[in-house]
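A.B. asks: The primary structure of each chain is shown beneath.
Protein chains: 2
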Amino acid sequence: MNQEQIPPVMKLPEPTLRRLPWYLAFVKLLKGKGKTRVSSTQIAREISVAPSQVAKDLSFVNVSGKTRVGYEIETLIAALENFLGFTVQHKALLFGVGSLGAALLHDSGLKQYGLEIVAGFDIRESLADTAVNGIPVFHLREFPARQKTLDATIGIITVPVDQAQDVTDHIIAEGIKALWNFTPFRIRVPQDAVVQNTSMYAHLAVMFNRLGIINHRK
Amino acid sequence: MNQEQIPPVMKLPEPTLRRLPWYLAFVKLLKGKGKTRVSSTQIAREISVAPSQVAKDLSFVNVSGKTRVGYEIETLIAALENFLGFTVQHKALLFGVGSLGAALLHDSGLKQYGLEIVAGFDIRESLADTAVNGIPVFHLREFPARQKTLDATIGIITVPVDQAQDVTDHIIAEGIKALWNFTPFRIRVPQDAVVQNTSMYAHLAVMFNRLGIINHRK
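Chains as they are written, first to last, in this note's numbering: chain A, 113 to 330; chain B, 113 to 330.
These are calculated hints, taken from the structure and not from any lab test.
Everything numeric in this text was worked out from a predicted model, so none of it was measured.
Don't take every hint at face value.
Chain copies aren't distinguished; within one or between two, either way the pair holds.
To be verified - No farther apart than 20 Å at their CA atoms in a straight line, the calculated lysine to aspartate or glutamate pairs in the EDC-like style are these:
1. Lys143 <-> Glu184
2. Lys140 <-> Asp274
3. Lys147 <-> Asp274
4. Lys140 <-> Asp278
5. Lys203 <-> Asp304
Assemble the whole structure, with the sequences as input and the hints as a guide.
C.D. replies: Now the structure itself:
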């Protein structure tokens, strides 16, 4: 690294970023069992990844293991949680308090991973000024004014498909740069924005297809 | 294809399976706007995929477009929904009625995509014989007996990480072959079982990292 770069700001390979939470979950499990040290070989065996890959992935995180001794579990957990952004609360607004949107408002577990949904917005008048799981829900028209005080950095999109792009444009116009898109619609954003797609229905399609193959083999 | 294979039973490449729901969402949107035909070029432009890739993906589905005219939207929607398994209800049981588990029970939208959660199970006595969103919740000890009559084909895992493997083994022992794993734990299953991992927290980690880069650039 020639330029001075702070590790959490490096653009990590997505596969690495997706594996690190697996490592974290496993190491926390070991901690719960009273263990204090773990080797990359142990992690590798558990996660079914090559030991060299585990060592490489962990080299991005600011933590070093010792030969034969491995990593100190406490240190590794703290480093991973910090590196993955789970220790800082990122304020998020949720758009579309329908079935999936309300479900996400119910998931208090997200907070443990650094995501704090501070408000929901919907175009239905009947939902305005209500609350779900203690999180206030406002009419969408209030979004620009509310954002001024809420100052959220993430927009969660759970609107119907035909409103996905309009809502995206609206969120971007208010200066929010990161979008977590749960709709099966491919939203378009400016180059300096971040989109994370979590299409549960695409995951279902993959699972149904694989299940069909198994049932066919019987 | 030399052997006689029914398309839905073919093992499709996962990227194709993940793109097909994007196509479906877009084509349904066009239908809502009163359109009756769509070309693969139009789909390609909208989804930001090469037109040849769209044509190839759609060739797996039992539907053919005509040169210059494209696909009939009604036919394409029906073919995609059928092919993706969204028209048949797959019965699922959910394990772990905590924050995320209860959230999924609240998401009635899954039904429209072919997933019907028929019961939830938990080890907490206080949750036994309650219901979430009309879906009954039983104590985990009732699972084997309930499964005999419910005959579900999918198990959804939303238990705490330290119980993920035990619950997985229990589900597999009762003959369920497809597991939708929402925990950040890498569960192990027999070779003839299917696992779909949806680790929302891994998606969060990717988003936080990308957002950190943007903020750093400012």
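A.B. asks: Checking an output row: Lys203 and Asp304, CA cutoff 20 Å. Within, between, both or neither?
C.D. replies: Answer is within: at 19 Å inside a copy they meet the 20 Å cutoff, but 42 Å across does not.
A.B. asks: What label fits Lys140 with Asp274 when the C-alpha limit is 20 Å: within, between, both, or neither?
C.D. replies: Classified as between; 9 Å across copies, 41 Å inside a copy.
A.B. asks: Checking an output row: Lys140 and Asp278, CA cutoff 20 Å. Within, between, both or neither?
C.D. replies: For Lys140 and Asp278, only the inter-copy Cα distance (17 Å) is at most 20 Å; the intra-copy one is 41 Å.
A.B. asks: Between the shortest in-copy and the shortest cross-copy C-alpha distance, which are at most 20 Å for Lys147 and Asp274: within, between, both, or neither?
C.D. replies: Close across copies (14 Å), not inside one copy (51 Å); limit 20 Å.
A.B. asks: Check Lys143 against Glu184 for me: Cα-Cα at most 20 Å, and say if that holds within a copy, between copies, both or neither.
C.D. replies: within (10 Å within a copy, 57 Å between copies)
Violated hints for the displayed structure: none, as all numbered hints are satisfied.
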